[in-house]
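Chemist: Protein chains in written order, with UniProt numbering: chain R, 1 to 237; chain E, 1 to 326.
Only true hints are included.
What follows is a set of in silico ranges between Cβ atoms, one per label pair, in the way DEER data are often shown:
no., chain 1, residue 1, chain 2, residue 2, range
1, R, G109, E, R153, 50 to 58 Å
2, R, G66, E, G18, 41 to 49 Å
3, E, V118, R, G94, 20 to 28 Å
It should be emphasised that the hints constitute simulated quantities derived from the structure, not laboratory data.
Glycine included, each C-beta is placed from N, C-alpha and C at the ideal position.
Listed below, chain by chain, are the residues.
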Amino acid sequence: MTEIVLRAEGVGKRFGGFTALSGIDLEVRAGERLGLIGPNGSGKSTFTNCLAGAFPSHDGGFTFKGQKLAGLKSHERARRGLARTFQLPRPFRGLSVIDNIRVPLAYAGRDAATDERAMECLESVELAAKANRMPKELTQVELRRLELARATALKPELLIADEAMAGLSNTEVDQILALLFRLNAGGTTIIMIEHVMRAVTEFSQRLAVLVAGRKVADGDPRAVLSMPEVEEAYLGR
Amino acid sequence: MSDTTLPAVKLAAPRRMGHGTFWLASAAVALLVILALRGIGSEYAYFAATFVLQYVVLATAWNILGGYTGYVNFGAAAFFATGAYATVAFGKALGLGLLPCIGMAAIVGGALGFGTGVLTLRLRGAYFAIATLCLSVVLETIVVNWSYVGGSRGAYVMRPREVPWPFDTYSGFLCAVLVVLAAASVAIARTIEKSRLGLGLAALRDDEAAAEAAGVPTLRLKLVATSISGAMMAVAGAPLPYLGSYIEPASAFGLAYAVNAIAMPLIGGTSSWAGPLIGAVLLSSLQQAATVTISSAGNLMIVGVVLVVFVCAAPHGIIGLFRGRR
Chain R
1 MTEIVLRAEG VGKRFGGFTA LSGIDLEVRA GERLGLIGPN GSGKSTFTNC LAGAFPSHDG
61 GFTFKGQKLA GLKSHERARR GLARTFQLPR PFRGLSVIDN IRVPLAYAGR DAATDERAME
121 CLESVELAAK ANRMPKELTQ VELRRLELAR ATALKPELLI ADEAMAGLSN TEVDQILALL
181 FRLNAGGTTI IMIEHVMRAV TEFSQRLAVL VAGRKVADGD PRAVLSMPEV EEAYLGR
Chain E
1 MSDTTLPAVK LAAPRRMGHG TFWLASAAVA LLVILALRGI GSEYAYFAAT FVLQYVVLAT
61 AWNILGGYTG YVNFGAAAFF ATGAYATVAF GKALGLGLLP CIGMAAIVGG ALGFGTGVLT
121 LRLRGAYFAI ATLCLSVVLE TIVVNWSYVG GSRGAYVMRP REVPWPFDTY SGFLCAVLVV
181 LAAASVAIAR TIEKSRLGLG LAALRDDEAA AEAAGVPTLR LKLVATSISG AMMAVAGAPL
241 PYLGSYIEPA SAFGLAYAVN AIAMPLIGGT SSWAGPLIGA VLLSSLQQAA TVTISSAGNL
301 MIVGVVLVVF VCAAPHGIIG LFRGRR
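Assemble the whole structure, with the sequences as input and the hints as a guide.
Modeler: Okay, here's the thing in structure tokens:
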């Protein structure tokens with residue numbers, strides 16, 4: 001039986017009177033590729049933010065590698081091997097591409113903070129040739145790769161890729177998918193949050209669906225996608 | 001992590017001067033400046049240089065928080081005056097001379113910076129700026145009502161009769177102290193900028209959430225920056241009572257210090273240690289020249305005009321102009 005790397009138990013989050021997440025239970029096994037889907041506003045990003053420590057959850061909590069995450073700040077979760085990318089790329093715009101990678105290497109303390117290691121991270125996303133460029137000189141897909149490289153510099157055990165393919169062409173989607181497959185092959189567990197269904201079905205071993213802040217399905221991707229509740233959530237009655 | 005094996009790419013990173021070499025170079029420049037001023041030997045040269053140098057320290061100190069982290073501190077005058085009044089208070093209470101008082105000012109300023117940081121660093125943008133402005137008002141009110149340091153009447157601080165060797169006048173000694181403080185401030189700022197701390201501060205300046213996600217303890221780093229910046233701004237103010245042998249709250253907490261501390265780094269460029277140095281030398285020299293040729297009343301107007309020109313024409317300061325051309 002593979003070890004459970006992440007367990008979410010009854011996670012709930014409210015913004016004033018609006019319930020963004022309610023009673024989310026989820027287990028992710030080490031090395032697994034989990035797709036997390038749902039219509040806009042279903043709570044995927046809120047779940048990511050609660051897991052990464054950007055928002056406190058109101059109910060329930062997370063256990064990561066057997067340790068409760070409650071009370072830990074974002075940087076403490078990152079140092080424990082929990083990495084995330086952002087929906088819109090958020091590079092450190094005043095720093096060069098390689099300095100963007102030096103930040104997690106220097107602060108997370110999970111890997112050698114050397115130039116060689118920084119270059120390896122950039123090489124793994126095919127950005128080594130642009131190491132000394134500034135983020136404003138990168139294309140959209142290169143910015144996505146930089147996000148991934150910054151996350152991999154944390155040497156994560158769990159990576160949450162939050163809409164890493166939004167707005168990309170088919171070829172670019174394939175490039176990012178290949179990167180994620182390679183990371184997963186290296187041992188990183190990945191939660192892919194995505195609207196590009198081709199990528200989700202191709203990548204995910206298991207699919208969980210959120211609708212209006214609740215988990216409505218969790219299981220084999222093909223079975224989940226053919227469930228009436230899921231079809232209804234995406235296509236309406 | 002990656003199983004790809006690509007050929008190693010050499011980084012074309014610019015060669016950087018090591019920290020030790022930079023400190024030695026700063027010390028050498030400081031010595032040359034002291035010798036040059038000693039060569040000129042006029043009281044006015046000492047006074048003008050002291051005026052410029054105190055702004056070099058103040059602007060460099062402000063930039064450690066305002067420039068490196070992007071948290072705009074409108075309370076520079078509060079920290080500057082804290083340093084000045086630390087000299088008055090510790091001089092009176094313990095009979096300390098200028099040099100120990102500078103050390104005490106650093107401790108008090110650092111503690112004030114830390115306390116301010118704890119109370120305000122969860123605020124952002126305009127709210128943080130307003131909170132620091134309020135600090136200045138609160139501290140000035142306290143000093144105005146604190147008779148031990150002269151209250152609103154002000155306090156007289158007599159210069160020692162004996163001038164430390166090898167200086168011929170106390171003004172020369174005071175100027176040399178500020179040369180050393182300015183050189184040390186610039187070297188500290190550069191050391192921070194090129195260190196792990198500087199990398200973390202630059203990351204949080206650009207995006208705090210992304211910095212946290214990359215493992216940067218943003219709140220701790222901001223507290224470190226506020227404490228160092230506060231200590232150095234207080235150090236800038238510590239020699240003030242000896243400059244004119246008199247200090248009173250309205251001038252120590254004066255608008256000129258708050259405005260100049262912000263304007264000088266903005267004009268020089270906030271992203272580098274050299275920016276505040278260039279901005280402070282240019283702007284304070286201009287103000288000093290205006291004082292002796294026109295009137296001291298127009299100083300802040302000059303600062304305002306130059307600031308407006310730079311904000312419109314060179315938003316990244318003089319350093320930004322040079323970097324843009326490369």
